[in-house]
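**Q** Please work from the sequences and hints to get the whole structure.
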Amino acid sequence: MTNPTPPVAIEIRDLTKDFPLTLRGIKLRAVDNLTLSVPEGQVFGLMGPNGSGKSTTIKIILGLLDPTVGECKVFGVPSGRVDSRLNVGYLPEAPYFYRYLSGTELVRFYGRICGVPRKRLDDRVKEVIDWVGLSGAAHRRVGTYSKGMLQRIGLAQALVHDPRLIILDEPTAGVDPVGSAEISELILKLKTQGKTVLITSHLLAQIEDVCDRVAILDKGKLILEGNMNDLVGQRGRQALIVDPLTPDQLAELRVWLKERGHALDSVEQPRARLDQLFLSRVSRAPKGENK
Amino acid sequence: MSTATVGVPFSISRLLIVAGNTFLEAVRQKLFNFLLLLAIGLVASAQFFQEFNFGSSELKFISDFGFGAMVFFGSTLTIAATAQLFFSEIENRTALTILAKPIWRTEFIFGKFVGVFAVVGVFCALTTLLLVGLLYHRENAIMALHPDAFEHGRVIHYGDLLVMGVLQWLKFGVLAAITLFIASFSNTNLYTVVMSFFMLVICHLQYLAHDAYAQVASLPLRLLVRVLSYIFPNFQLFNLTDQIGIGAGLDSGLVLRVAGYAAIYIAVFGGLAVYSFRSREI
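Residue numbers (our numbering), protein chains in the order written: chain A, 1 to 291; chain B, 1001 to 1282.
These are computed hints drawn from the structure, not numbers from a lab. Remember, it's a predicted structure, so these values are computed and weren't measured experimentally. Hints are not guaranteed to be accurate.
Facing chain B, a subset of chain A residues (Cβ under 10 Å, in silico) [claimed, not checked]:
id: 1; residue: 6
id: 2; residue: 7
id: 3; residue: 62
id: 4; residue: 95
id: 5; residue: 96
id: 6; residue: 101
id: 7; residue: 167
A virtual CB, placed ideally from N, CA and C, is assigned to each residue, including glycine.
**A** In C-alpha cells form, the structure reads like this:
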C-alpha cells in the first residue's frame, strides 16, 4: 500500500523568468528552470542571497508577474488567474500601507476587497487585529505605526479573509529582535491552525526555528531543497550536556567510551543563543504599544 | 473564506471599494484642498467685478471668468490627482498588496478612475454652485439698479450653468481617462503629468489644425488630420459658455451629444488603460 501524495499548496514546474534589460534583447534571468512544491500545512522557507529570485518567484505565485516559461499553480489553479488568489494572504517586504487609514480601517478595506461578508467583517477585523496583538493601536493612523507594528498590521490584512496559504516576504526586515520573535510566534501559531506558510527571510536562525522545509535559491536556480531536520541535523551523532567534569573525570569518560567503541570528539561549553539571551533580558511592551 | 476555488466574476462592489479609497486618499491630500481653495477664491473674487457695473455683460463676464477658473484649476487637479493617486500605489507598493488579492486589474484601474472622477465631481459641484450663487447675488443687485434692463425677467439661465458644470466634469473625466492611460505604461509620475498636459493642449487646440488643414491640405493630409481628430478628443466641444447665461440657452440635444462624446472617449481611454495595465509587471 503506497502513501497518498500529500496535498500541494504551490506547485512550480520548469519556471523561468526573464526581464528585458535593453531594447537589443539582452535579458536578465531572475528565475532559472525552477521546479518546487510546497506541501499544504507546512511552513516552507525560501532562502537565498539578494537577487537570487525569491521575490520574483513570490510575485509569480501571486500573479503579479507572468512566467516567461513554465507554470505555477496555487491549489491547482494557474497563478495568473484571479481565483488562484482566493485563498492566499500576502505580506510584502517592508510593507507600506495607506497612512491616512487607521489600523481597523485598513484591515477592513482589505477584508472588503477579499469579499469577507459584511455581517462577519467587523468581527473578523477585530479578531485578526487582536490576534496580531495590535488591539491597543487599532484606531491609530497607520502612518504613526513603527516598523514592527506595520509588519503586524500587514499580517492582519493578509489573514483577514482566513486564507489557507500565507506568503510572507521578509516579514522581519527592519524589525527589532523582540518584534521578530513575536512574528515567529505568530507563524508557529498559523502552523498549528493548519495553514501553509511560505516565508523568505535573511534571518537564518528564524527560518531554522519555524520552517519544516526549506529551499535555497542562488542566481535564480534551486540549489538545495529538503526537510529542515534532514538538512541541518547530523545523523549518527549525539550531544550530551552535563554538569562540569574535572579533568580526571573527563579522562575516565574517554576511556569508558573507548572501551565501548565510541570517541569523545569535542568538549565545549554550551552557549545560549544571543537572540534568546536578548529576549530573556529585554522587557516586551504590552500588546499594541509602540515598538 | 477557505472555500474551494471558484471563478471570480467582475465586481462593481470591489471597483467601488477601490474608488472610495482613492477618493478618501485624494481629499486628505493637501493638493486637492489647495486647488479647491484657490479655485473657490478665484471664483469668489469675481464679485469684485461689480465695480465695472456694465449690466448684463458683467454677468456674462463673471460667468466666463468663473468657468475659466474652473477649467484651469480643474484640469490641473485632474492630471495631478490621477497621476499622483496612481503612482502612489506603484511607488509605495500598496498596489502589490491590493493586486495580490482576488481582484481584477480592470476593477483596480476603473476604481482609480471613478475615485478621481468623484474628486473632480466634488470640485466642479462646489465651484459651479459658488458661481451660481455669485451670479444670482449680482443679478439681484443689478436688477435693483437697472430694472428696465430686466423687464422680461432674469437673463441668467441658472439651470444651464449647472449643466455647464456637469459638462466640464465630463471633460475632466475624459482627461482623467487619458492621464490614467498614460500612467498605465509610464514609469514616472513626472512623465505622466507632462504628457497629460501636452495632451490637454492638443485636445484644446486640435480643432484649429482640423479647420486649417481641411481647407487647404492634400487628401492624404486631410485624412491624417481627420484620423487624428478622432484620436484626440476635441475639448472645445465642451465649451458652451457662449450659449449660456444671456444667450438663448443650451440646446439639450447638443448637451446630450457632447455627454455621449465624453462617455465614448472615457470608455475608449479607460479600456486602453486597462489593456496596457494588464500586462504591466508590478
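**Q** Quick check on residue 7(A) please, does its C-beta sit within 10 Å of some C-beta on chain B?
**A** Given a least distance of 13 Å, the restraint on residue 7(A) is violated.
**Q** Using Cβ atoms only, decide whether residue 96(A) comes closer than 10 Å to chain B, and label the hint accordingly.
**A** holds (4 Å)
**Q** Grab the minimum C-beta distance from residue 62(A) to chain B and call the hint holds if it beats 10 Å, violated otherwise.
**A** Holds, about 4 Å.
**Q** Holds or violated: the hint that residue 95(A) contacts chain B, with Cβ atoms closer than 10 Å.
**A** Holds, because the Cβ-Cβ distance from residue 95(A) to chain B comes to roughly 7 Å (cut-off 10 Å).
**Q** Measuring from the C-beta of residue 101(A) to each C-beta in chain B, is the shortest one below 10 Å?
**A** holds (8 Å)
**Q** Have a go at the residue 167(A) hint: is there a Cβ in chain B nearer than 10 Å to its own Cβ?
**A** holds (8 Å)
**Q** Do the numbers back the hint for residue 6(A), that is, is its least Cβ distance to chain B under 10 Å?
**A** Violated. Min distance 18 Å.
The structure fails to meet hints 1 and 2 from the earlier list, while all remaining hints are met.
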